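S.K.: Each chain is listed here by its residues.
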Amino acid sequence: MSKFYTFLKYFFITFWTVFVVAPFLWAVSTSFKDFQSVNSKVTYIPWLDFEPTLEGWRVLIKSPAKGGVDIVEPYFNSIFVTCTASLISIVLGTLAAYALSRFTFKAGFVRNNDITFFFISQRIMPPIVLSIPFFIFLSTIGLLDSLLGLVVVYIVLLMPIAVWIMVDFFNRVPKELDETALIDGCNPYQAFYKVVLPNSIPGLIVAGMFCIIFGWIDFFFAFILTFTEVQLLPVKVVALNSSITPWWSLSASALVSVAPLIIVAFIVERYLSKGNLSGALK
Amino acid sequence: MNLIGEKISYKPDEQFHLNDVSFNFKKGNLYTILGRTLSGKTTLLKTIAGLLNPDQGSISFEEKDFIKIPVWERNVAMVYQQFINYPHLNVYENITFPLEQRKLSPEQIKKDVDEALKTVGLVGFENRKIQELSGGQQQRVALARSLAKKAKILLLDEPLVNLDYKLREQLREEFKRIFSEGLSQDTILIYSTTDPQEVMELNGEVIVLDEGKVLQKGPAKEIFENPSNLKVAEISNDPPMNVLKGSKNSKNLNFENISLEIPNHFKNLEDKDYNFGIRASEIKLDENGEEFEIELAEISGSETLLHLKRGNSKIIALIEEVMNFKIHEKVKINFNANKFYAFGEDEKLVSSPYGGTNG
Chain A
1 MSKFYTFLKY
11 FFITFWTVFV
21 VAPFLWAVST
31 SFKDFQSVNS
41 KVTYIPWLDF
51 EPTLEGWRVL
61 IKSPAKGGVD
71 IVEPYFNSIF
81 VTCTASLISI
91 VLGTLAAYAL
101 SRFTFKAGFV
111 RNNDITFFFI
121 SQRIMPPIVL
131 SIPFFIFLST
141 IGLLDSLLGL
151 VVVYIVLLMP
161 IAVWIMVDFF
171 NRVPKELDET
181 ALIDGCNPYQ
191 AFYKVVLPNS
201 IPGLIVAGMF
211 CIIFGWIDFF
221 FAFILTFTEV
231 QLLPVKVVAL
241 NSSITPWWSL
251 SASALVSVAP
261 LIIVAFIVER
271 YLSKGNLSGA
281 LK
Chain B
283 MNLIGEKISY
293 KPDEQFHLND
303 VSFNFKKGNL
313 YTILGRTLSG
323 KTTLLKTIAG
333 LLNPDQGSIS
343 FEEKDFIKIP
353 VWERNVAMVY
363 QQFINYPHLN
373 VYENITFPLE
383 QRKLSPEQIK
393 KDVDEALKTV
403 GLVGFENRKI
413 QELSGGQQQR
423 VALARSLAKK
433 AKILLLDEPL
443 VNLDYKLREQ
453 LREEFKRIFS
463 EGLSQDTILI
473 YSTTDPQEVM
483 ELNGEVIVLD
493 EGKVLQKGPA
503 KEIFENPSNL
513 KVAEISNDPP
523 MNVLKGSKNS
533 KNLNFENISL
543 EIPNHFKNLE
553 DKDYNFGIRA
563 SEIKLDENGE
573 EFEIELAEIS
583 GSETLLHLKR
593 GNSKIIALIE
603 EVMNFKIHEK
613 VKINFNANKF
623 YAFGEDEKLV
633 SSPYGGTNG
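Taken in order, these protein sequences are the chains called A and B.
Just so you know, my numbering puts 111 at position 111 of the first sequence, and the rest follows in order with no gaps.
Just so you know, my numbering puts 568 at position 286 of the second sequence, and the rest follows in order with no gaps.
If we strip away everything but chain A, and leave its shape as in the complex, we get (with noise of 0.2 Å):
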């Protein structure tokens, strides 16, 4: 490996980790200055260039009488809509990947792949076409502006995300490996939690977490389908904005919602890289 090549590795890598972290650390930065740094010049240290100020950070959870914006409780009804949509949808959604990886389904002409597209096609749509039904629904049944009512939302947002990885995750576990199960004495359903799951744990991580992103970062059918009762945070956090951008808490704001994301990551990343899968089959 040449000189040149080591400086460049390294170049690029120092680059895009200031990249990537440079926004964070302003952010960090930004959400102890008060309203005088923010505007009157460029700061970025503190102590040394301005004098830092937890008031950003107490605005989040000041009840809104006393001119706060409480985001504790939709930061745990965020928490709760998430997880459970996600933890249904997965479930649910890894039983029917399951079912159209390994059998074969006809009804007129309808085959396994329609079914597959089928849940696929439910996110094709622009959210904003989906929205009027929702509501409509929502409505009827009695649970707008409920966290019940945004659990079934978001499950029917997520399961399609999560059939489409592990039907593609199912695929390319061989078949064999589900017949050896059954010739070894599991019926079915024990070759499925015996044999096929635990083998299946990278492609559950990947579909979890793409569920939660996808669950965590919505904000436009939280804001559609909510108004005063329930609340969710991205909502709450837009509604920080007022006539003067509070930049201060907008930014303490940002941080502690993307702060879980980071931690599942985290807790994510190992599983990702100690389970292959396909090393092991062939």
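These are computed hints drawn from the structure, not numbers from a lab.
Just to be clear, a hint being listed does not mean it is correct.
Here are the simulated DSS-like cross-link-like pairs (lysine-lysine), alpha carbons at most 25 Å apart as the crow flies [what the hints assert, rightly or not]: (1) Lys591/B with Lys621/B; (2) Lys194/A with Lys503/B; (3) Lys527/B with Lys621/B; (4) Lys106/A with Lys293/B; (5) Lys309/B with Lys533/B; (6) Lys289/B with Lys194/A; (7) Lys346/B with Lys309/B; (8) Lys194/A with Lys392/B; (9) Lys513/B with Lys175/A; (10) Lys448/B with Lys400/B; (11) Lys385/B with Lys411/B; (12) Lys175/A with Lys411/B; (13) Lys596/B with Lys513/B; (14) Lys175/A with Lys392/B; (15) Lys533/B with Lys614/B; (16) Lys308/B with Lys385/B; (17) Lys434/B with Lys289/B; (18) Lys400/B with Lys434/B; (19) Lys385/B with Lys448/B; (20) Lys448/B with Lys527/B; (21) Lys513/B with Lys293/B; (22) Lys621/B with Lys533/B; (23) Lys194/A with Lys393/B; (24) Lys194/A with Lys411/B; (25) Lys289/B with Lys346/B; (26) Lys596/B with Lys608/B; (27) Lys293/B with Lys175/A.
Restraint ranges, calculated between C-beta atoms of paired labels, are given here [to be verified]: (28) Glu451/B with Lys106/A: 40 to 50 Å; (29) Leu261/A with Glu463/B: 25 to 35 Å; (30) Leu261/A with Glu344/B: 22 to 32 Å; (31) Arg384/B with Tyr10/A: 50 to 60 Å; (32) Phe105/A with Arg384/B: 26 to 36 Å; (33) Leu8/A with Gly406/B: 42 to 52 Å; (34) Phe76/A with Gln413/B: 37 to 47 Å; (35) Glu504/B with Tyr193/A: 45 to 55 Å.
Chain A side only, calculated, beta carbon under 10 Å to chain B, not exhaustive [said to hold, decoys possible]: (36) Asp114; (37) Thr180; (38) Ile183; (39) Gln190; (40) Ala191.
No experiment lies behind these values; they were computed from the predicted model shown.
Using N, Cα and C, we set each Cβ at its ideal position, and we do this for glycine too.
Since chain A is already given, all that's left is putting chain B on it; use the hints.
M.R.: Chain B only, in chain A's frame:
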């Protein structure tokens, strides 16, 4: 008490995968299924295992209707040509898996697994991950899992085909040992392969399968000596038996303007047109022989395969040394007339050097 299949047909699409297959497998015996790829070998094994249900026909084992018993209750074992093991378990757990599934006592499991590991030569590999093993070792794990089960029916589906040449030779030797020592008299062993040499070495009862149909059944020696028709002669020889269209008259055998003296076993043959068969190994280079043109020369190991042409006939000769030939060169060869087979124009065996006829 045998495994009996009667008139089994399986036709999932336009083509027959199994066509009217019948068999009677006795306990304590080794059966080999010989056939080319896509001849229905795997389908037949999967049908016996219960992974496929035939469209027609019946299978019974120990006087019970086998088709009504689901796979997981049949107590069969199967080794695939792909190395199929449970990637999430280590070697030891892979082998215990079917035993735990049967709820055997821990002492019994330990005993059976240790025995199986010893048989396949994997002692000391218990805690290895499957991914860390070579192909040959992975296949040994699969075999050990099948042996430890002590299943009454053991199915091996081309277990050596995905291994490299050397390992295949080595494992084949071990298979012979395992089959002769390691199996109880209660076991029916069914082994499928495309390789005639494997069939001869394992020396069991052979079923020759082609396009889902049984072409011939019998001991390996019988298949080799008296193939019942041209197809069997092709499938049971590697390289396939050469076929020369010709005729016999009162004095000579004639083909491609070559006349040979009539060998003894052809003396009583009717004078007419035949398909003559001759193995590649019964053709020798000979200065005084007949002239053929070389189309291709392949060197394999210590042998040379010569693809030869004369008139409309193409034959393969097996020369037992490594020689260099130029393509389109002419060589002179001689046929060992005493090893000629005669097949009728309906491709059925009429006369063989070993005395068999399709009478």
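S.K.: Please go over all the hints and tell whether each is borne out by the structure.
M.R.: Results for each hint:
1. Between Lys591/B and Lys621/B, the direct Cα distance comes to roughly 20 Å. Compliance with the 25 Å bound is thereby established for this hinted pair.
2. Between Lys194/A and Lys503/B the CA atoms are separated by roughly 45 Å; this puts the pair beyond 25 Å, and the hint is violated.
3. With a C-alpha separation of about 16 Å, the suggested pair Lys527/B and Lys621/B falls inside the 25 Å cut-off, and the hint holds.
4. In summary, the hint linking Lys106/A to Lys293/B is supported, as the alpha carbons are separated by about 18 Å, within the 25 Å threshold.
5. This hinted pair does not check out: Lys309/B and Lys533/B have alpha carbons roughly 51 Å apart, beyond 25 Å.
6. Restraint check for Lys289/B and Lys194/A: the C-alpha separation of about 36 Å exceeds 25 Å, so the hint is violated.
7. Distance hint between Lys346/B and Lys309/B is fulfilled; the C-alpha atoms sit about 15 Å from each other, no more than 25 Å.
8. For the given pair, Lys194/A sits about 21 Å from Lys392/B by alpha-carbon distance, which is consistent with the 25 Å threshold.
9. At roughly 32 Å between alpha-carbon atoms, Lys513/B and Lys175/A are farther apart than 25 Å, so this suggested pair is violated.
10. For a cut-off of 25 Å, the pair hint linking Lys448/B to Lys400/B stands: about 21 Å separates their Cα positions.
11. A threshold of 25 Å between alpha carbons decides the hint, and for Lys385/B with Lys411/B the separation of about 24 Å falls inside it, so the pair holds.
12. A C-alpha spacing of about 21 Å is found between Lys175/A and Lys411/B, which places the hinted pair at or below 25 Å, so the restraint holds.
13. Between the alpha carbons of Lys596/B and Lys513/B the distance comes to roughly 17 Å, so the proposed pair stays at or under 25 Å and holds.
14. The hinted pair formed by Lys175/A and Lys392/B fails the criterion: a straight-line CA distance of about 29 Å is larger than 25 Å.
15. Between Lys533/B and Lys614/B the alpha-carbon distance is near 23 Å, which keeps this suggested pair within the 25 Å criterion.
16. Taking the CA atoms of Lys308/B and Lys385/B, the gap is near 28 Å; set against the 25 Å cutoff, the hint is violated.
17. Between Lys434/B and Lys289/B the alpha-carbon distance is near 22 Å, which keeps this suggested pair within the 25 Å criterion.
18. For the given pair, Lys400/B sits about 20 Å from Lys434/B by alpha-carbon distance, which is consistent with the 25 Å threshold.
19. Restraint check: the Cα-Cα separation between Lys385/B and Lys448/B comes to about 39 Å, which exceeds 25 Å; the hinted pair is violated.
20. Between Lys448/B and Lys527/B the CA atoms are separated by roughly 38 Å; this puts the pair beyond 25 Å, and the hint is violated.
21. Pair hint Lys513/B plus Lys293/B holds up; C-alpha atoms about 22 Å apart against a cutoff of 25 Å.
22. Taking the CA atoms of Lys621/B and Lys533/B, the gap is near 18 Å; set against the 25 Å cutoff, the hint holds.
23. A threshold of 25 Å between alpha carbons decides the hint, and for Lys194/A with Lys393/B the separation of about 24 Å falls inside it, so the pair holds.
24. With a C-alpha separation of about 17 Å, the suggested pairing of Lys194/A with Lys411/B holds against the 25 Å cut-off.
25. A threshold of 25 Å between alpha carbons decides the hint, and for Lys289/B with Lys346/B the separation of about 17 Å falls inside it, so the pair holds.
26. Taken as a hint, the Lys596/B and Lys608/B pair is honoured in the structure, with Cα atoms around 17 Å apart against an allowance of 25 Å.
27. Among the hinted pairs, Lys293/B with Lys175/A is consistent with the structure: their alpha-carbon atoms are about 20 Å apart, no more than 25 Å.
28. Between Glu451/B and Lys106/A the Cβ separation comes to about 46 Å, which falls inside the hinted range of 40 to 50 Å.
29. The given range of 25 to 35 Å is broken by Leu261/A and Glu463/B, whose C-beta atoms sit roughly 60 Å from each other.
30. In this structure the hint that Leu261/A and Glu344/B lie 22 to 32 Å apart at CB is violated, the actual value being about 60 Å.
31. Our hint of 50 to 60 Å for Arg384/B and Tyr10/A holds, since their Cβ atoms are close to 58 Å apart.
32. At roughly 33 Å, the beta carbons of Phe105/A and Arg384/B sit within the given window of 26 to 36 Å.
33. Take Leu8/A and Gly406/B: their Cβ atoms lie about 46 Å apart, and the range 42 to 52 Å holds.
34. Between Phe76/A and Gln413/B the beta carbons are some 42 Å apart, a value that agrees with the proposed interval 37 to 47 Å.
35. Checked against the hint of 45 to 55 Å, the pair Glu504/B and Tyr193/A passes, with Cβ atoms roughly 49 Å apart.
36. The interface hint given for Asp114/A is violated, since its Cβ lies 20 Å from the closest Cβ of chain B, which is over the 10 Å cut-off.
37. Taken as an interface hint, Thr180/A checks out: its beta carbon lies about 5 Å from the nearest beta carbon of chain B, inside 10 Å.
38. Because the beta carbon of Ile183/A sits about 5 Å from the nearest beta carbon in chain B, less than 10 Å, this interface hint is met.
39. At its closest, the beta carbon of Gln190/A sits 8 Å from a beta carbon of chain B; the interface hint therefore holds under the 10 Å criterion.
40. About 8 Å separates the beta-carbon of Ala191/A from the nearest beta-carbon of chain B, less than 10 Å, and the hint is met.
Checked against the numbered hints listed earlier, the structure breaks hints 2, 5, 6, 9, 14, 16, 19, 20, 29, 30 and 36; every other hint is satisfied.
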